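Protein chains in written order, with my numbering: chain A, 1 to 209; chain B, 1 to 716.
Do not rely on the hints blindly, as some may be mistaken.
[What the hints assert, rightly or not] Listed next, the in silico DSS-like pairs over lysine-lysine satisfying Cα-Cα at most 30 Å (straight line):
1. B:K106 to A:K59
2. B:K182 to A:K67
3. B:K8 to B:K696
4. B:K43 to A:K152
Keep in mind the hints are simulated off the structure, nothing from the lab. Quick caveat, the model's predicted, so the values are computed rather than measured.
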Amino acid sequence: MSSKDSLCQKFTEKAELVSAFVTTIKTEDEALDYTINLCDKKQACQLLVSGCEEGLSDKAGELCETKQTKVIAAPGLKKTLYKELAAKSEKAGFNCIDSGMRDLLAGIDIGFTYAEYGIADTGTLMLDCPGEELRLSTMISEFHVCVLPTSKIKANTYEVEKMMLTRMKKTPDYMAYITGASRTADIERVLALGVHGPLELHILLLEDD
Amino acid sequence: MQKAHDLKEYRDELRESLDNDFLRTTLDNFAIAYRAGRANAFKDMDVRSLINDIAESKDIAGKNADKLFRDFKRNAEAAGIHVHFAKDGAEANAIIAKIAKDTGCKKIVKSKSMTAEETLLNHDLEDEGLEVTETDLGEWIIQLRHEGPSHMVMPAIHLSRYQVGELFTEVTGKEQDAEIEKLVKVARRELRQKYIEADMGITGANFAVAETGGIGLVTNEGNARLVSTLPRVHVALMGLDKLLPSLHDALRILKALPRNATGQQITSYVTWITGANECLSAEDGKKEIHYVMLDNGRSELVNDPLFSQVNRCVRCGACANVCPVYRLVGGHKMGHIYIGAIGLILTYFFHGKDKAKNLVQNCINCEACKDVCAGGIDLPRLIKDIHARIQDEDGHPLPSMLLGKVLKNRKLFHTLLRAAKWGQKPVAEKDGFIRHLPMIFSKEHSFRALPTIAEKPFRDWWKENKIKVKNPKHRVALFSGCVQDFVYPEQMQAAVELFQNNEVSMTYPMEQSCCGLPVQMMGEMKASKDVAIQNLRAFETDAYDYIITLCASCAAHLKHNYPKLVADNPRLKAKAEEFASKVIDYSSFVNDVLKVEASAFTKTGEKATYHAPCHLCRGLDVHEAPRELIEKGGLEYVECTEEEVCCGFGGTFSMKFPELSAELLNKKLNNVEATGADTLLTDCPGCIMQLRGGLKARDSHVKVKHVSEVLAKNKK
Ligand code: SF4
Ligand code: SF4
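In isolation and in its complexed conformation, chain B is listed as follows (with noise of 0.2 Å):
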């Protein structure tokens, strides 16, 4: 559970997760584990359209939901379950304590569900007097060490055999071997024991079916079957989320879920229950059924037009299980209950601005959840979103108002660019780096090391070396970012030399600035949105076929938020959907719309390894063109581990988080290292600078270089 008070306490406990190398290992392992088990759980499945279907379905779920739940109240009732309706989480476990008190009940056993985690339903029906078991086999792990869950699909990821063997050991007064096989063996008859004296079994559902009146519920382990069949009353606790019209609806779904989760095909157990079915301990021989069903902001948060979306989630847990952060910190960190990506967000919803405020801070941007989600949320989004809210509400901190001013004015800061270059001389070394680090950053950015800002912009370089193209067969703008403009133009010219030589007419708009994607991260919505209109006024759009940019980030950021950040003002917003539809980044445009041919290049043999840009390969969903420009381009590519992972850079996330971005960038060298490779290619100044700085720190002989760079030195 989040228990920090500000971003520094927060930071304080980041760097306990950073310190346990357990948890580190296991996540890793997991991690990758992961990856591998769900290609193969998806092999020859079209994800995709059924990853669109499910949204589809989910969304018009959530739309009807008042019908929908009419209508399973209605069913269910007519098959003799009794039907509640909680409006929030301390009326959901009033419900549930009183149905326990009018029925009798002293015993439960539950099986493991994350709605009754966001009600803290235990401590509420402890309080009543109540015994609660855990059944499931990590939530009991959990319970009995008084903890939350740390993954929604494993909830005691967080712990080795040797701590659930010293556990056990105090439960049940015996000694313990730390032999899996055998924890598992004694928790199946320790637990079996608190099935049969229990009166009251509680469940979550997974699908609750508006056309049957029925649940869906999906476990390994078969507790859940357990739960509701031996004590003679059961209670369903569950979100207005799960409301599906139809056992279609819920097939669909569950195509996707256990593959998502765990990839697993199936769980080992799906069970459908509907209607008050045989109970041989009850007195009249029938159950006693109970569906609690859960409001908590849920029906308010499908009326909201960004976070509808966020009904969708069927709480796979994916969006944990490939994130970089979670990964590093777990997600007792990542998370307040629900945690991941996902558990940014519903903390924010569910329990408050306080318990969210630290947490939605660290996201690094990646767009890994955003890809694997089963109900394709676009989670970083509303991660930033969130963000920027809270910011709203309880004020600005200093340095991301103050960016988001100066991003305002393009002449002021390009102006203060222009004196940092002066500014950083006397630290300034020859290769392009610098020596000492400025007295704002304290030692935890001394992973990497910084660039200087270049001798001369490109866009100086550019009004002196105006390009003339005669008959050109594209015409182009140029997008440069900041980041290529001020301190890596040579990247830039690259691009213009081969543009140049490939019949490419080419003009760089001179009012255009920033990106606008660093203050977005920060949470300065407004001045996100300000900078996004300059630059698209700064664009002539219908008088080029593209606007490349060399940078990942910048081109995703222009391509996929711009529309959305000026959505309501049409003529801007037509304004924007053209120009996106134009942008392009650079191995694109070279490999796909030029086709440059390898006999153009010198064929080296340079051995060269690849990092993907998240905002390339997810952001943009480009995968081969830069690899294959690198073959083409007269080198041999090795490919790297974990390519398409993060490497830790995320602008100013690596600012905020530098213990963090230093461990992910950790990673990554590692693996670039391994491969052998003496050169580092990407597509991305802002991972340049990160791997540059971070190599170099190393005292790596690996170079880092854009791609845009090898092809000029190697075009014939």
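Chain A extracted, bound-state conformation (with noise of 0.2 Å):
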């Protein structure tokens, strides 16, 4: 095996242990396609925001409310490729979006966007995000979807520590390692996904050269 397979391999069984669900693709156009789908698919086509079946206090409650359609977010990305996706969007009859983020904090349904690096000793994403809508389009969303080319992916942090000084003096910045969907084991230690961030992790690893 080529080292490159090896670090995809090694990357793909570390990510699926934290239980993100890793996909090859081969072309761009595959990763929106995943996308349009799996927004489709989603809580069988219900509009409904985690936790807001649950019984909430009234003012909690209220801003699931706010929530009116199923909304993608992807800023931050390259402008072709965002507008297929909000082509293919709107034909599906989802919102297609790349700012406003703060006026739906009562939760998107994907984030979709691009990973920088790949870490592959503990399956780690490394996005930067020093634009808030991007940020928040990885932190609002119910499931977040990454784009993350084979190229991309290195050893461990040692090998992205350059890239990310470099970015760091690069003033402001905030950057992320996102292993996995949100987690917390507070009660009882019992693993339960999507506390406060995505529920679900989807990276598509693209086939890049």
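Both chains are given apart, each in its own frame, so use the hints to dock them into the complex.
Below is the structure:
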């Protein structure tokens, strides 16, 4: 196996260990279709925001009502790709946005992003998001779909250290390592996903060379 | 939080915890799952060298804290961040309250920060009329219950889903199930609303990186990201101990922190914030960020020759995860704000002597925490030292002072032991146990039978049986320790027998006395030192190849603590180092030096299990030797569950906290009996006393022996 393949394999194995869904794709188009499909299937087409079905205080319940339609957020994409996604979304009956995240804090369905790097030994995505819209789309989405070009997978964090420093020195900066979905084990140590952030993380490995 | 005024009240509190079945079961399950999870997370990694590297880098950071702070501040300010320095908790809280006032903030969301717990920040902010909401699920739960955290990483580990369900019913005004998935969803919705309303977000920081002026935050829930993104003002409160020179230092710690904390390879989110980043709800589109750097005694601590290592703590909580005492009583009783082993130490420095004085006595010195610590901190040693400091300040309790005085005078001590042999006559049984507990013991001690003092101490036997060995291959000195000398001399005699057959010439220096560990455990440092000096003088170190002891606790104390105890006297220190380098435990000597073979023993095939004494497995890092000897000695070794967990003896600990000692012993014996073995072997007379006494009290048929006894018996 080439070293690139073994990095990919390691990355996949580690990401799946923390319940991320990893899929290999050949083109960006596949990524868009994957996202549209996922949004379609999500919650059996119901318009629910995670948690709204539970008994909430009146105030928290009100927030749930602010959501009117299924939303895919894809800030920070290159223009052509965003256009395509927006077209596909419209066809499927979803709202596709690249800004205005603060108006949708009750939650969006899918945040669609690109990772800068992948870190194989922990199955981690590295996303630099100094811009607030991109950042929020990875936090308030129920599902986070992230494209990771396989050429960007590095063995461990030390190998991204230089890149991180370069970015950090161009302040201000806000960078994240994301590994799996948001999780908690605070009640009786039982693992529960999606406590504040995404309930699911979907990683699309794009074979880019 | 720790409220007890004296040891008696503290013991009452401990008893309450012991009676809390839910807590006990959770902590038990957790302890077992944690061990497996951690081992798995560190698989194929060189943990020791990682820990050493972290220790070294944190030590350097501690030494340079002033400069690091200047660099950090300069870089952070250049990137548009306001940096404050607070000398204590009150000052930090005042700074934060003022920021809120100046920026017109009313509602605050917080992401978990131990430092804010340390300064009791919420109280002060609420007093200022601000609304503060914890967003970490566990923290939110305990905030709603008006409690403190009971674990550094899992603050609500003491609560059941039912308790949380009831709490959420109250909070939402809607009936809630006790289903965890659902409760988590409820929290998700309820808290989302809080983020939206908040104008200020407060986080801690796991790393403060001087070279970038940025911070790193490690979370699983993702709340720190929301807290640092949505509100227009962000305040990060951190201790000076979070300062690191470079990103590389942070990445290195990140390798160990989640693995050690929860057995995760990495947490879901690691967030790196540098500079005043974009904030669309702020007028100028920029977030207002303040770093509040807290000293609260830290800068003094890093200058202390012994306690500077406290700065290495990365707050992973592992020292609580493995602590057998924490496992019995939970964090509210094993700490004040910070809990577990490090909690006992930090309580003294951050919250004062009064809060710490009872807590520091509740350490059995099993060294499990030291073994697991991500920063390689010698926690048990520091705990004992604080105990000693407090006694020096407050006065020494009578029993510990008396023991100290007695031990300083070997002749008096031995005379008392000999007198005790006569004193016990009316209560002594033929089977080697005392029938009724003497008056000085209350009924809490009845969980185990106590042994009688032997007819003839080892030293008297030795005088009559000077063993001569022709053509010796090894020259050794024997160190018996008090228990084997006066209670179980047959264990020493068994060793002598085997040594004699293996061309080992032996010396038993008559001036030797107790190793001194018991008085050190009681916080009598001065007496411990005096006893060490006596023993060092009793041994002509250069006349032997090895100094052998059959007591794991003595061995570890002689080896690791003697050189430290006399460190201020260069001549004695050199002697102590030579002495220490020659100290070896019985099993390692017989297995690794004498290299005995199975062919030298009769095979009985009898099933035997093993108890690994704390001071052997962790204190001396000896694991294989005794187990190999059991097999070589003709027995069939059956592994016991939690073989390397403390039996609850801990010398004077079992006198002070009999209920805890009884529980630890109980667990141990259940595991032992479950193996189906008839024989339980171990390497420490203290453990033998505890285990035998406990088995006798439960009328068990399992026999406890020192490894030396089996080898002598089965020797061909
Ligand atoms: S030495 Fe043992 S009992 Fe003491 S704090 Fe450490 S783990 Fe707990
Ligand atoms: S003392 Fe060591 S084990 Fe305990 S929290 Fe700190 S780093 Fe972790």
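* **Which numbered hints fail** => none
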